[in-house]
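What the sequence shown shows, in this note's numbering, is residues 524 to 856, in sequence order.
Since the hints were derived computationally from the structure, they do not count as laboratory data. Where is the CB? At the ideal position from N, CA and C, for every residue including glycine. Be aware that a few hints might be false.
Dumping the calculated DSS-like pairs for lysine-lysine here, alpha-carbon to alpha-carbon at most 25 Å [as the list claims (entries may be wrong)]: (1) LYS580 - LYS777; (2) LYS744 - LYS718; (3) LYS720 - LYS743; (4) LYS741 - LYS718; (5) LYS718 - LYS743; (6) LYS744 - LYS720; (7) LYS580 - LYS694; (8) LYS694 - LYS741; (9) LYS777 - LYS743; (10) LYS718 - LYS798; (11) LYS720 - LYS777; (12) LYS798 - LYS744; (13) LYS720 - LYS694; (14) LYS798 - LYS743.
For each label pair, taking beta carbons as the anchor points, the in silico distance ranges come out as [claimed, not checked]: (15) ILE550 - TRP689: 33 to 41 Å; (16) TRP689 - THR570: 32 to 40 Å; (17) ILE706 - ALA673: 28 to 36 Å; (18) ILE550 - VAL710: 15 to 23 Å; (19) VAL665 - LYS743: 18 to 26 Å; (20) LYS798 - GLY557: 21 to 29 Å.
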Amino acid sequence: MAGKSGRTISATPEKVWKKQIFSWEGILVVIFLGVIILCKILSPNYTFANVLREMPKYLSEIFLLFPMAYILMLGEIDISVGSIVCLSATAGCMVSNAGVPFGGVVLAILLVGAVCGAVNGLILTQFPELPSMIVTLGTQIVFRGIAEIALGSGGSVSLSNTEGFWMIAGKAGPFPYVFFLVILSAVVFTVISSKMKYGRSLYAIGSNRQTAFYSGIKVKKVIFTAYTVMGLFAGIAALFLTSALYGANTTTGKGFEMDAIAMAVFGGIATTGGKGRMAGGVISAFVIVCLRIGLGQINMNSQLILVIIGILLVCAVLLPNITGSIKIRKKTN
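Please construct the entire structure, taking both the sequences and the accompanying hints into account.
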């Protein structure tokens, strides 16, 4: 059908199912299925039960994905979260060993994480001219440094009382408790980012901070909240990590920030801000976790696993640019 402008308008709307299949989330689902098949071929021990048994030690990192995705949507970054996990876990172990009841230990871990996140948020909102990478690089060193001072020459601390920790490390059937909390967190963060005012503010600030400010969005409040929640979830990650390891050391949480960023970016969330969906990040997280478990079962070198994940990440960043260039060439020809 031709309109007044002379352009031809299709009478048939684009099919929703086709749009979903060829979206980045749809491609990630295909990649996820491919990873499952590949790992099953490589390892005869790659079964549903075995994956669930090995999953808890990786699920702690997924907690960091959710607030990290929000921070990336803002066009910011936080590379201090691994150190926040270390400091929170260290504080939790020491408080527990001092005889504090388990409820108080949980509160201490979450409080330390939230305070560290709030420190990042406060600095970045009060001094907006400072790059978030430099600020969180500095706090990364400070937080882990405090943990190392607290741990002393031994560099580690073990729980003398594991009561409470072993309970949260339990299972409901074959599923670890942490799995259900991860799924619940994924749903909550997805709904907030896609349906609520705070989510719209994230995208607006990430797209153009100045425009968002003049539109009435409380930019500083949104940024401060995002970093505080980041710290809180680092505390949650520390809680479940401590329940799995029954202790903490100077390397606890090391590299967690890179894993969280990798999951988010591989899920299609742009580091430049204003783009991406939480659903993609959640799918990519399970792609990376299942791939790690499968390759670990065949005793692949851990550094080689990191190389493979790094290649996937680079491909995820390059693919949108390649497809965009192809579309531009088609239009110009």
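Verification of the hints:
1. Restraint check for LYS580 and LYS777: satisfied, since their Cα atoms lie roughly 14 Å apart, inside the 25 Å limit.
2. For the given pair, LYS744 sits about 19 Å from LYS718 by alpha-carbon distance, which is consistent with the 25 Å threshold.
3. About 15 Å separates the Cα atoms of LYS720 and LYS743, which keeps this hinted pair within 25 Å; it holds.
4. Straight-line distance between C-alpha atoms of LYS741 and LYS718 comes to about 18 Å, which keeps the hinted pair within the 25 Å bound.
5. Of the supplied pair hints, the one linking LYS718 and LYS743 holds, its CA atoms being roughly 21 Å apart against a limit of 25 Å.
6. The straight-line distance between the Cα atoms of LYS744 and LYS720 is roughly 13 Å, inside the 25 Å bound, and the hint therefore holds.
7. For the given pair, LYS580 sits about 14 Å from LYS694 by alpha-carbon distance, which is consistent with the 25 Å threshold.
8. For the hint pairing LYS694 with LYS741, the CA-to-CA distance comes to about 42 Å; that exceeds 25 Å, so the pair is violated.
9. Distance check on the hinted pair: LYS777 and LYS743 sit about 29 Å apart at the alpha-carbon level, beyond 25 Å; violated.
10. Between LYS718 and LYS798, the direct Cα distance comes to roughly 15 Å. Compliance with the 25 Å bound is thereby established for this hinted pair.
11. Taking the CA atoms of LYS720 and LYS777, the gap is about 34 Å. The hint is violated against a cut of 25 Å.
12. With a CA separation close to 20 Å, the supplied pair LYS798 and LYS744 stays within the 25 Å bound.
13. At most 25 Å may separate the alpha-carbon atoms for a hinted pair to count; LYS720 and LYS694 exceed this at roughly 36 Å.
14. Proximity of LYS798 to LYS743 is assessed by CA-CA distance (about 20 Å); at most 25 Å being required, the pair is judged to hold.
15. Here the CB-CB span from ILE550 to TRP689 is close to 40 Å, well matched to the stated 33 to 41 Å.
16. Between TRP689 and THR570 the beta carbons are some 25 Å apart, a value that contradicts the proposed interval 32 to 40 Å.
17. Our hint of 28 to 36 Å for ILE706 and ALA673 holds, since their Cβ atoms are close to 34 Å apart.
18. Between ILE550 and VAL710, the C-beta spacing of about 22 Å keeps the proposed range 15 to 23 Å intact.
19. Between VAL665 and LYS743 the Cβ separation comes to about 22 Å, which falls inside the hinted range of 18 to 26 Å.
20. For the hinted restraint 21 to 29 Å between LYS798 and GLY557, the CB-CB distance of approximately 25 Å keeps it satisfied.
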